[in-house]
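Novice: Sequence:
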Amino acid sequence: MPTTTINGFTLQYDVIGGGEPILLTPGGRGGMAQMRPLAEQLASAGYRAIIWDRRNCGASDVVIDGGVSEQEHNADEAFELLTRLDATPAYACAGTSGMRAMALRGRGVERHGVAIDVDPGASLLLAIRHPQAVKGVLLTAVTGWPVGAQYLAENYYTCYVEAAQRGGMRAVIEQLAPNQAPDEEPFWAARIRENPRNEQRVLSMDPQHFIRVMESWSAFTLRESYICGVTKEQLAAIRVPTLAIGGGDDEHPTYVAERVTDVVPGAEFHPPVITALERLRLANRDFRDDAAPAVERMEELRSERTLAILLQFLARVGSGAAKPPGGQPAVADVAYQW
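All the letters of the sequence shown, read from the start, carry residue numbers 45 to 382 under this note's numbering.
None of these hints come from the bench; they were simulated from the model.
Bear in mind the structure is a predicted one, so any value in this text is a computation, not a measurement.
C-beta atoms are modelled at their ideal positions from N, C-alpha and C, and glycine is treated no differently.
Mixed in with the good hints there might be a few duds.
Unchecked claim - Between beta-carbon pairs, the in silico distance windows are:
1. R360 to G212: 21 to 31 Å
2. E206 to E84: 37 to 47 Å
3. A263 to S88: 39 to 49 Å
4. F313 to E84: 25 to 35 Å
5. E259 to G62: 36 to 46 Å
6. D109 to T47: 15 to 25 Å
7. D227 to A281: 42 to 52 Å
8. E218 to L321: 39 to 49 Å
9. E340 to N51: 32 to 42 Å
10. T49 to D250: 33 to 43 Å
11. G110 to D294: 41 to 51 Å
12. D294 to E218: 47 to 57 Å
Unchecked claim - Derived DMTMM-like pairs (lysine to aspartate or glutamate); straight-line CA-CA distance at most 25 Å:
13. K276 to D294
14. K179 to E116
15. K276 to E302
16. K179 to E84
17. K179 to E124
18. K179 to E277
19. K276 to E198
20. K276 to E84
21. K276 to D250
Given these sequences and hints, build the entire structure.
Specialist: Written as structure tokens, this is what we have:
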């Protein structure tokens, strides 16, 4: 897998297809593998899809340094990566696989498809901090203040602060985040498994330094702002085509996407791709032994609809390279076996 060294540490990335560049950043702290199916679909539609493991994600190096927030680091490093790949300006799209809001972890349910939900920080901050590098922003199932911000802070930062205070960096490696099931691999242990160099990086770290940086990154996420550390004034300064798709769940409330489109000039809002009725049906099914087929079908449906929306938007605002499918399948057109 290709790698590049930025500011002394290694980032892993891959490029699929040719055409207008789209940087695909996983939501949460996911790795680039979960974006590969979407990248392949976009490449088939005529785009150059760039996927990457951010710092502290996937197989890239663990880097805990201060100065700015983790999201701002991500934005700056995304700009450097795009520049090195001669891929500016690019569309910035963030997402992850899975339906986190349905709390299906630990029930033997495998995720499928390319469902997309987002911590909007990286893509928005890339457009804000490096506007010359971005030709459009695609935000789907946007998370934000207050529930989403609290969720991010607890699962990405504060739980590991408590672990470091309790048992140093070895305890950090062993710590499960609140959103993880007991049988899941701890986040930092996974970073070591995917990149063995990270074991020495983590264990040699001063716990007090780690705590200070984690607390500052958490504070950025929780600070009073319009969306997850991004101010209303910063959003209003964005001058590229922007799409925001509502999430429709507690972690990704639809009103957050609506707030984005209220402020970003000319931004387009799209309602959630999964209806409230569909969510209710899945929630009812979730507690039965045969939940897996329903979850799989929901993921497939979410993937189909989201891809159609993205391609239709890109075809409208771009050079016309996209080959959108026949259109988003209507809810009534989909036969469910509930």
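Novice: Hint by hint, say whether it matches the structure.
Specialist: Tested hints:
1. R360 to G212: 21 to 31 Å: Cβ of R360 to Cβ of G212: about 53 Å, so the range 21 to 31 Å is violated.
2. E206 to E84: 37 to 47 Å: Given a distance of about 40 Å, which is inside 37 to 47 Å, the answer is holds.
3. A263 to S88: 39 to 49 Å: Because 42 Å falls inside the window, the suggested range holds.
4. F313 to E84: 25 to 35 Å: 28 Å, holds
5. E259 to G62: 36 to 46 Å: 43 Å, holds
6. D109 to T47: 15 to 25 Å: Check passed, 19 Å falls within 15 to 25 Å.
7. D227 to A281: 42 to 52 Å: Cβ of D227 to Cβ of A281: about 45 Å, so the range 42 to 52 Å holds.
8. E218 to L321: 39 to 49 Å: About 41 Å separates the Cβ atoms of E218 and L321, which means 39 to 49 Å holds.
9. E340 to N51: 32 to 42 Å: Distance hint for E340, N51 holds at roughly 41 Å.
10. T49 to D250: 33 to 43 Å: 23 Å, violated
11. G110 to D294: 41 to 51 Å: 31 Å, violated
12. D294 to E218: 47 to 57 Å: 28 Å, violated
13. K276 to D294: 22 Å, holds
14. K179 to E116: Judged against 25 Å, a Cα distance of about 19 Å means the pair holds.
15. K276 to E302: 13 Å, holds
16. K179 to E84: At roughly 21 Å apart (the allowed maximum being 25 Å), E84 and K179 satisfy the hint.
17. K179 to E124: The hint holds at about 16 Å.
18. K179 to E277: 19 Å, holds
19. K276 to E198: 24 Å, holds
20. K276 to E84: 34 Å, violated
21. K276 to D250: 36 Å, violated
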